[in-house]
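Generate the whole structure from the sequences, applying the supplied hints.
Chains as they are written, first to last, in the working numbering: chain E, 1 to 535; chain W, 1001 to 1123.
By construction, these hints were calculated from the structure, which means they are not laboratory data. C-beta: ideal position from N, C-alpha, C; glycine also. Accuracy of the hints is not assured; some may be wrong.
[Said to hold, decoys possible] Rough simulated footprint, nothing fancy, chain W against chain E, three-plus residues with beta-carbon under 8 Å:
| id | stretch |
| --- | --- |
| 1 | 135 to 146 |
| 2 | 149 to 155 |
| 3 | 158 to 166 |
| 4 | 175 to 185 |
[What the hints assert, rightly or not] Derived Cβ-Cβ restraints for the label pairs, each shown as a range:
| id | chain 1 | residue 1 | chain 2 | residue 2 | range |
| --- | --- | --- | --- | --- | --- |
| 5 | E | 439 | W | 1084 | 42 to 50 Å |
| 6 | W | 1106 | E | 28 | 56 to 64 Å |
| 7 | W | 1022 | E | 502 | 36 to 44 Å |
| 8 | W | 1049 | E | 11 | 30 to 38 Å |
| 9 | E | 443 | W | 1084 | 44 to 52 Å |
| 10 | W | 1004 | E | 56 | 50 to 58 Å |
| 11 | E | 278 | W | 1012 | 32 to 40 Å |
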Amino acid sequence: MSANLISLLVFLPVALAAILTITGRKHPGPTRLLNLAGVAVLLVVSAGLLVTGTGDTAQVIELGSWAAPFGIVLVFDRLSGLMLLLTSIVALLSLVYAIRRDEDMAGPHFHALFQAQLFGLNGAFLTGDLFNLFVFFEVLLLASYGLMLHGSGRRRTRAGLHYVVVNLIGSTLFLFAVGALYGTVGSLNLADITLKLPQVEPDAVPIVTTAIFLLFTVFLIKGAAFPLYLWLPGAYGYASIPVAALFAIMTKVGLYSVLRVDSVMLSGNTLGGVIDTTALVAPWLLWLGLITLITAALGVVAATFLRRQVAYLIIASVGTILIALGLAAGPERELALSGALFYWIHTTVLSAGFFLLAGLLMRHRPQQGDAIAPAPPMPQAILVGSLFFAYAIAMAGLPPLTGFFGKVMILSAALESPLLAPVFAVVLVSGLVMVIALARTGSRVFYQSEATPGHPSDQPPTASRPLPGMGTTIAPMIVAALMVIGAQPLSTWLESTATQVSQSGAYLDAVMPEGILDPETAPGKFGEDHEGGQH
Amino acid sequence: MTNLAISLLIGVLTGAGVYLVLRAQTFPVVLGLTLMSYGVNLFLFVMGRLHTAAPAVVGASEQYTDALPQALVLTAIVIAFAMTAFVIVLALKARAAMGNDHVDGLHIPPARRTSGKPEEPRA
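Structure (structure tokens):
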């Protein structure tokens, strides 16, 4: 039963994408309803699977009943489940906003692309196979190219072109990495590669190391780490609002891949019996995270409109999570990972909500849009301003909201680390810089609202009615409040999730219970997806 | 010998691709992406090792041909083809939206251009 439900998470979106392509143009009403229903089903199923504890032991689904490593497997554990739940939450927020503000009508096939995007995301979070991960990356990227250009516009087209070219280069690098791994290790199944890494011949060790670093480079392009994040502010800043909100989960796909591949394949493993892979990439992650956080904080200061500022806040959160993932190779592995996951939930949901809030500003400040500049007062300015205040506090990591708890958990994991000083300095100072920048934004946009003499507010704000789509900016705050109230049980749950992530042995047992197959009876070189996943 | 020739070919294709991707006009960039995908497809194919007259059956002869990279290449070709088609359309759209084919939409006088100018898209 649970296997069917897990498969549903992947196959429902692709089926819906096909149906919505047909209905999209002629029947906008039913298309919207169908898309909403699909996202709601994904939300209920992924939440249900987590609540019932399905992911407490890794669930393996062998597609076509081909056992790993011969067939492609989907693996559902708590980490995948959490990512799927986050995806459906963000998707629901973005979709409701798009429908309430008619943003989905700005171009054809928004709904079909939306479901195709969810198909790619859910598949990438579930697959246990590197080539299949490549295929799902391509699925989600191709859908995201379409969504990115949804509604067109000169700047959006230019940012879209950059986004597409950068990601196509990333895909090429991904193929080089996957090919080199297959050519040397002889498998593409993540668990199978893990088991075979210690047996790599000494000649091949440099090639495998190169392939591993190439693989993480690709993940960090998607995850937007320094110096590979330059595509992000343009792409997220100029995409249409619901798309930018949905993209809040996109950088997390890269980070998820980093975490998954690092924890299963590298942590506690050796390469050819010579190189200990536990600390192969982790120090890089830590340092890149630190530099990413610094540059992102500067970007937050330099941004001239709110969407770009939120995009830089997303990069800052990528930096923070990378720091935590780097710390996870140190003595406090589980604390660092659970802190990373707590921060992860917080930043994904809230940055989506923050984009939607920027969208409200754009729609209701006709002259200035979401530029960080004074403008005549907008309707519902007090409520919108209070929400901005709450988002700013949470995203900058001030108490009492969620960003603070996440940072505390990550910093307490750094206490035993030799890099205590730089981690504390960078995290705290960048937090301060972001607070200053957001305070400036808030005072420019909301306090100085009447300070434009040239523009008398000829349309007095209609105060009584809530703005359409307002609910989607309030809902993430409710999630954040629940995370604060339930911080204790949540962090307990996340700690056991971190334990599960750390114990790669259980993952390997679940995927390949018999270990490496005997080369006499079943040569390892034959072990992979015989169909190649032709999407 | 074949190995050397194919390695050189992969290197040349990828190198030329990287060079073209770094150009400032969209058309060379698209060509560069295509060349890079050719390079990586060849690379994936070679990862099954080069054998002649070896069946794709284990134990039928001394060596066997690994059929899996061919399946991978097939998938990669399909994806790269779709992406190339998409990026060409996007480049035309960008040319129409920005009025020139510079990747950043900057207008550069034709005399200062260093690479060939793509055909004018039909509007």
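Distance restraint evaluation - residue 278(E), residue 1012(W), Cβ atoms, bounds 32 to 40 Å: The hint (32 to 40 Å, Cβ to Cβ) holds, given that residue 278(E) and residue 1012(W) are roughly 38 Å apart.
Can you confirm whether chain W covers the stretch 149 to 155 of chain E, using C-beta to C-beta distances below 8 Å and requiring at least three such residues? holds (count 4)
Residue 439(E) and residue 1084(W), beta-carbon distance inside 42 to 50 Å? holds (47 Å)
Given a hinted range of 30 to 38 Å, is it respected by the beta-carbon distance of residue 1049(W) and residue 11(E)? holds (36 Å)
Mind taking a look at whether chain W covers the stretch 135 to 146 of chain E? Criterion is 3 or more residues with CB to CB distance under 8 Å. holds (count 4)
Take the stretch 158 to 166 of chain E, compare each residue's beta carbon with every beta carbon of chain W, and decide whether three or more fall closer than 8 Å. holds (count 6)
8 Å C-beta criterion, at least three residues: is the stretch 175 to 185 of chain E covered by chain W: Result for this restraint: holds, n = 7.
Satisfaction of the hinted span 44 to 52 Å by the C-beta atoms belonging to residue 443(E) and residue 1084(W): holds (48 Å)
Is 56 to 64 Å respected by the C-beta to C-beta distance linking residue 1106(W) and residue 28(E)? violated (39 Å)
Please check whether residue 1004(W) and residue 56(E) have a Cβ separation lying inside 50 to 58 Å. holds (53 Å)
State, for the Cβ atoms of residue 1022(W) and residue 502(E), whether the hinted interval 36 to 44 Å holds or is violated. holds (41 Å)
Taken one by one, the earlier hints fail for this structure only at number 6.
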